[in-house]
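Peer 1: Here is what each chain is made of, one letter per residue.
There are 2 protein chains.
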Amino acid sequence: MANAAFRWMMTGLGQPIALAQFDPFPPASGEVVVEIAGCGVCHTDLGYYYDGVRTKHDLPLTLGHEISGRVVETGADAAYWADRAVIVPAVIPCGTCDACRRGKSTICPNQKMPGNDIHGGFATHIVVPAHGLCEVDETKLKAIGADLADLSVIADAVTTPYQAVIQAGVRPGDLVIVNGVGGVGGYAVQIAHALGGTVVAIDVNEAKLAKIAENGAALTLDARALPGRELKAAIQTFAKERGLRKTEWIIFECSGTRAGQETAFSLINHGATLCVVGFTMDKVEVRLSNLMAYHARALGNWGCSPELYPAALDLVLAGRVKVAPFVEKHPLDQINQIFAAVHHGELKRRAVLVPVH
Amino acid sequence: MANAAFRWMMTGLGQPIALAQFDPFPPASGEVVVEIAGCGVCHTDLGYYYDGVRTKHDLPLTLGHEISGRVVETGADAAYWADRAVIVPAVIPCGTCDACRRGKSTICPNQKMPGNDIHGGFATHIVVPAHGLCEVDETKLKAIGADLADLSVIADAVTTPYQAVIQAGVRPGDLVIVNGVGGVGGYAVQIAHALGGTVVAIDVNEAKLAKIAENGAALTLDARALPGRELKAAIQTFAKERGLRKTEWIIFECSGTRAGQETAFSLINHGATLCVVGFTMDKVEVRLSNLMAYHARALGNWGCSPELYPAALDLVLAGRVKVAPFVEKHPLDQINQIFAAVHHGELKRRAVLVPVH
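Chains as they are written, first to last, in the working numbering: chain A, 1 to 357; chain B, 1 to 357.
Hints are computed from structural coordinates only; laboratory data are not their basis. Hints should not be assumed to be uniformly reliable.
No distinction is drawn between identical chains; accordingly, a pair holds when it is met within one copy or between any pair of copies.
[To be verified] Each computed DMTMM-like pair below joins lysine to aspartate or glutamate, with the alpha-carbon atoms no more than 20 Å apart:
#1 Lys-246 with Asp-98
#2 Lys-240 with Asp-98
#3 Lys-104 with Asp-174
#4 Lys-283 with Glu-262
#5 Lys-208 with Asp-282
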C-alpha cells in the first residue's frame, strides 16, 4: 500500500477531524502529486476549525497550507518536477490572469490556497498545480541539519513576513519593531535581522521574548510592563543609545489581535511603515490621520508571491533564518490532539504534522 | 508708505485677529522678502483659530500657509530670486538635514510652515527661506487668464493632493475615488483625471458634486443616498460599465472627518491604495486587518516636497487643473469676516485673502 493516500477531513465546526482514503493519481495536465513530508498548523486553520471562519471550499475539507514534500507523479507539462523536493506555496496564483501578468499574483482572483480553496496538507498526498512550486536543494538542506518537514513552515510562517519585509524595504541601519513574536513574528524578527535591521521584539509572553532574544532581537519588551506611551519611549531611548533614527521605524504587527494592532499603530512616527501581517476579525480604534500627520504608511500583504519563495528559502538554507528550533513535529494521526493543544496554547513551538508513508 | 508692512495676528482662540505693523527688511542670508499677492484660507487655519489646535509658534501669530507673491528683497545667497513671482511652499524643509539629503523632506525636523512655525501669509509681506520657492512663469499665467493671487492655493490645496496622487502612482486606466470634493479634494479629482485616472467623486454636498462633474469627475455619488455597502456596489457597477478594474482602486480621503475616513476605508478592495489626505483629530473604528486580507495599503502624506511644486504648477499653467473657478478673492482687511464665513460654511469656493499694496 505504498501508494495508498489518506487525508484528514474537517466535517464541521469543532467536529472530530476524520481520516479518509482518496486517490490522487493521475494528476491532470499542469498538476503534480506531492507526497507530503510535513504540514504546519497555522492559526488560520484554527480559525476555520474553532472560530467559524468560512473556508471557500465547502466542508468536508482537508485543512493545512504549510506544505513541503516530494513530487511523486507529474501530469502533462509538469515533467520537470518529477522526484523533486518542493515547498507548496500557501497561496498558488494561476499565473495567467491579468493580475498575475502585471506581477500582482497575491491578488490573483483564481488563486488556490490549500486547505481553503482546495484540499490541503493534513494528508499523505496532495494534488497541486506545478505553477509556483519552490524547489528545495536537499544537499544544502542536509548541511543545516534540517529535514524537509521542517521546511513546511516556509510556505506561510516564513514567506508571509518575508514578503512584508521586502515590501517595507528593510535595509541595514533600519530600526525594526516586531509586535507578537509567535509562529509568524519570530520569523519576521529573524528575516529583518538577516537583512540588516536592528530589531525590537514586543510580546506579552516572556518565554517567547527570551527565545527571540537569542535569534535576532536586539531588544525585547514585554508590552504588559510598558503601558501607554512608555513602550514608545523605551524604543526611543533604545534608538538613541544605538545611534539609530528616531524616525522611519518599520513596524510589523504579527499578533493578529485588536490590542496588538492598536499598540503597533501607536508606535507610528515620522516616515514610519506599519506592516499588517497578523489577522483578526476585530475592528480597531485608531487615529488614521496620524498616517497623514507623520507622512507614514500602513501596508498589508496577503500570503507571498511564489517568485519570492526561493529567496526566503535561501535565507533558511544559508542558516541566516532558523526554522528547526521553532517547530516541533508530531505524527499526522494525532491531528485532533494537536489542534486542541495549539488551541489551548500548550505548545511552545509551531506544530508540524508528519504523515507516515 | 509703499514699503510699509502689515500682518494680521491671531492673539487667542477666537479673539479678533488684529492688525500690526512690522519691518521685514532686510532679509537675513538665504532669505527673501515676498510681497504677498494672495493667501488662501485653509481648514488648518480654522483649526488653530476655532478648535484650539496648537500652533508650534507661540501666539500672537500670523496664520496662513497658502502664499503666492513677488520677491521684493533678497538676502545674501538669494540674489537669484530678485523680482520673481513665486509660490511659497506650505512646508519649507531645511534642505540640509539627514532627512532632506535622503529625499524625505516632508519629515524634515527643521521644516518651517508659515502660519504655524513662523509668521504666515495673512499679511502684506512675509520673510521666508529662499530654499524651496517655486518660480511662476507670468507669461504662461497670463495665458490661462489667472492672476498670481489665484495661484496661492497651489501651496497646499493643489500640491498636497498632487503629492498624494504621485505617491499612489495614478496611471491611465486606474479607477480613482475621491471622498470629499471641497477645497482640497476638488484638486485631487482634477489632478487624478489629468494623469489619466477615471474619477469617482463622493461628497454629501450636491453643489460641490455638480461642480466637480464639470471638472474631471466621471461619476458623482452622494454618500447620504448610498448607505452601507451600496456605495461600494455603485462604484463596482460603474467600473463594470466602463470596463475598469474591480481591483486596485485608488481612494483619496479628503473630507478629514471621521465618517469620511470610515467610508473611504470601507471602499478598500484587493490591491487598493487608500490615501489619507484630510486630517481630523478623531479616531476611527476600522478593520485594519482588511489591509492584509486585500493586500492593500494606506498612505499618508504631509504637505508636499518643494521638488514636486513645479510639476503641479505646470498642470495648472497648462490648463489641465483649473484653479480660478475654485477660489474667490477677498480683501485681506476683511479677514475676521471671512474666517467666520468659512467657519459657517457660507462660501462656495476657497477664500483667498488679497492685501492692498
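Peer 1: Does each hint hold? Answer for all of them.
Peer 2: So, going through the hints one by one against the coordinates:
In this assembly of identical chains, Lys-246 and Asp-98 lie within 20 Å of each other by CA distance solely across copies; the values are 12 Å between and 41 Å within a copy. Taking CA atoms no more than 20 Å apart as the test, Lys-240 paired with Asp-98 passes between copies only; the shortest distance there is 15 Å, against 47 Å inside one copy. For the homomeric pair Lys-104 and Asp-174, the shortest alpha-carbon distance between copies (15 Å) is at most 20 Å, but the shortest distance inside one copy (27 Å) is not. Taking CA atoms no more than 20 Å apart as the test, Lys-283 paired with Glu-262 passes in both settings, with 10 Å inside one copy and 11 Å between copies.
Proximity of Lys-208 and Asp-282 under a CA criterion of 20 Å is satisfied in neither setting, with 24 Å inside one chain copy and 35 Å between copies.
Checked against the numbered hints listed earlier, the structure breaks hint 5 alone; every other hint is satisfied.
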